[in-house]
Amino acid sequence: GAVVSQHPSRVICKSGTSVKIECRSLDFQATTMFWYRQFPKQSLMLMATSNEGSKATYEQGVEKDKFLINHASLTLSTLTVTSAHPEDSSFYICSARAPGHANEKLFFGSGTQLSVL
Amino acid sequence: DQQVKQNSPSLSVQEGRISILNCDYTNSMFDYFLWYKKYPAEGPTFLISISSIKDKNEDGRFTVFLNKSAKHLSLHIVPSQPGDSAVYFCAASDGTGRRALTFGSGTRLQVQP
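Chains as they are written, first to last, in this note's numbering: chain A, 58 to 174; chain B, 2 to 114.
It should be emphasised that the hints constitute simulated quantities derived from the structure, not laboratory data.
With a Cα cut of at most 16 Å, we get these calculated EDC-like pairs of lysine to aspartate or glutamate: (1) A:Lys-162 <-> B:Asp-32; (2) A:Lys-98 <-> B:Glu-43; (3) A:Lys-77 <-> A:Asp-145; (4) A:Lys-123 <-> A:Glu-144.
A few chain B residues that don't get close to chain A, going by computed Cβ distances all over 10 Å: (5) Glu-16; (6) Gly-17; (7) Arg-18; (8) Gly-61; (9) Ala-71; (10) Gln-82; (11) Pro-83.
In this text the structure is predicted, and so the values were computed from the model without any measurement.
Cβ coordinates follow ideal geometry from the N, Cα and C atoms, glycine included.
Only chain A is shown next, with the shape it has when bound in the complex (with noise of 0.2 Å):
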């Protein structure tokens, strides 16, 4: 199957400073690519989807100016939860389609557990 890597795997911050997460597909290109956040024991949300070339979308309630989506390349897009507070810890995860696949199928990166102090 396609890879998707996702790092870094676990960042604890400070409240107040802003973390960069990196999605990349490995062995394929991606124009699109999606983001999902999990709080403990709970769902799978949609937060955005990241498209390469152009503006994200994103989902209701999740705010585009707090969580920067940056696809500048088909194989890299980024995630930069901007001054982050306690309530942004969280379990975010990145995807993508890959050619030769169904397109309903999502591949997914390893995740990212995010702790802010």
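On the provided structure of chain A, position chain B as indicated by the hints.
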């Protein structure tokens, strides 16, 4: 409003027996369904999927059944193995062209040796 529901947060099964995980959905526009397996602090991995034009799809020990009229699908694992212990998420695609997946809340499966 949760469009994909997994009403059982946990399930415990003996090794060798059948595990049945259930999922209900409310959006009639969903036309493709997937099951993902997830371990703590890891991303979900794809397990099996089914299109709405089918009512059953089988892959080794895993079978997914879809009942469109009831808006219900289930994942059967037989025989269950201790390595199957994980959280299983049901997901659905709505065919709008955006193709983002909507996930259920997950069911934690524990297979007892």
